[in-house]
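Q: Go ahead and model the full structure; you've got the sequences and the hints to work with.
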Amino acid sequence: MRCAGIVVVFGVLVISATTPVSGKICDSIDVRNNITFLNKLRNCTEISGNLQIVLIETTKSVEDYDDYVFPELTRVSGYVLFFKVRHITSIGKLFPNLRVIRGLELIFDYSFILNNLPNLREVSELFCFVQT
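Read in order, the letters of the sequence shown are residues -23 to -1, 1 to 109 in mature numbering (1 follows the signal peptide of the UniProt record, and there is no 0).
Worth flagging that the hints you see were computed from the coordinates, not collected in a lab. Backbone N, C-alpha and C define an ideal beta-carbon position, used for all residues, glycine too. Where hints are given, some of them may not hold.
For lysine to any residue, the following SDA-like pairs were computed, each having C-alpha atoms within a straight-line distance of at most 25 Å [to be verified]:
1) K1 with N16
2) K37 with N96
3) K70 with R19
4) K17 with L81
5) K1 with S101
6) K70 with S25
7) K37 with Y87
8) K37 with K1
9) K61 with F85
10) K70 with Y87
11) K37 with P95
12) K70 with N10
13) K70 with L32
14) K37 with S25
15) K70 with R9
16) K37 with D7
17) K37 with L18
18) K1 with F47
19) K70 with R98
FRET-style restraints, in silico, Cβ to Cβ [what the hints assert, rightly or not]:
20) E82 with R9: 17 to 27 Å
21) P48 with D4: 17 to 27 Å
22) L83 with C105: 15 to 25 Å
23) T66 with N11: 10 to 20 Å
24) N16 with S38: 12 to 22 Å
25) D44 with D86: 27 to 37 Å
A: What follows is the structure, encoded as structure tokens:
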């Protein structure tokens, strides 16, 4: 069975208690068309802006994502958008320590959008929504 749906969240997405982090702060990141562009996220602890992962349709299997795990990333100040990304099964596996999506900038009035991810099985066990 294939699922292609939309998940949207208003306000701030907080995944668990947060603490200040030191590390590399990256500007907005747009990962588009090729899975290897996920490497732009390497060593980022925070994204000051938005994260867009879109139009990655050339992957062959779910194993293509095995080398792309970003435990350093804990915060995004703007929005996070996933659109037309094939073979990704878990957002939490890709970003196991993502704690805050602040939503200072929104897309279509939302801070977190998942759209057209046919293989997605879970977002993350830790995600929760906080209305501010």
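Q: Against this structure, judge whether each hint is valid.
A: A quick look at each hint next to the structure:
1. Distance restraint check for K1 and N16: the Cα-Cα separation of roughly 14 Å lies within the 25 Å cut-off, and the hinted pair is therefore satisfied.
2. For a cut-off of 25 Å, the pair hint linking K37 to N96 stands: about 12 Å separates their Cα positions.
3. Between K70 and R19, the direct Cα distance comes to roughly 15 Å. Compliance with the 25 Å bound is thereby established for this hinted pair.
4. Taking the CA atoms of K17 and L81, the gap is near 22 Å; set against the 25 Å cutoff, the hint holds.
5. Restraint check for K1 and S101: satisfied, since their Cα atoms lie roughly 24 Å apart, inside the 25 Å limit.
6. Of the pairs offered as hints, the one joining K70 and S25 holds, with about 22 Å between alpha carbons and a cut-off of 25 Å not exceeded.
7. Between K37 and Y87, the direct Cα distance comes to roughly 30 Å. Violation of the 25 Å bound is thereby established for this hinted pair.
8. Restraint check: the Cα-Cα separation between K37 and K1 comes to about 31 Å, which exceeds 25 Å; the hinted pair is violated.
9. For a cut-off of 25 Å, the pair hint linking K61 to F85 stands: about 17 Å separates their Cα positions.
10. Between K70 and Y87 the CA atoms are separated by roughly 22 Å; this keeps the pair inside 25 Å, and the hint holds.
11. Restraint check for K37 and P95: satisfied, since their Cα atoms lie roughly 13 Å apart, inside the 25 Å limit.
12. Restraint check: the Cα-Cα separation between K70 and N10 comes to about 20 Å, which is no more than 25 Å; the hinted pair holds.
13. Proposed proximity of K70 and L32 is supported: the alpha carbons are some 19 Å apart, at most 25 Å.
14. Between K37 and S25 the CA atoms are separated by roughly 32 Å; this puts the pair beyond 25 Å, and the hint is violated.
15. For the proposed pair K70 and R9, the alpha carbon gap of about 19 Å is at most 25 Å, so the pair holds.
16. A hinted pair counts as satisfied when its Cα atoms are at most 25 Å apart, and K37 with D7 qualifies at roughly 21 Å.
17. For the given pair, K37 sits about 21 Å from L18 by alpha-carbon distance, which is consistent with the 25 Å threshold.
18. Using a Cα cut-off of 25 Å, the hinted pair K1 and F47 holds, with the two alpha carbons roughly 13 Å apart.
19. Between K70 and R98 the alpha-carbon distance is near 11 Å, which keeps this suggested pair within the 25 Å criterion.
20. Our hint of 17 to 27 Å for E82 and R9 holds, since their Cβ atoms are close to 18 Å apart.
21. Distance hint check: the CB atoms of P48 and D4 are about 20 Å apart, consistent with the given range 17 to 27 Å.
22. Take L83 and C105: their Cβ atoms lie about 19 Å apart, and the range 15 to 25 Å holds.
23. Distance hint check for T66 and N11: the Cβ-Cβ separation is about 19 Å, which falls inside the suggested range of 10 to 20 Å.
24. Between N16 and S38 the C-beta distance comes to about 19 Å, which sits within the given range of 12 to 22 Å.
25. Separation of D44 from D86 is about 34 Å and conforms to the stated range, judged on CB atoms against 27 to 37 Å.
Checked against the numbered hints above, the structure breaks hints 7, 8, 14 and satisfies the rest.
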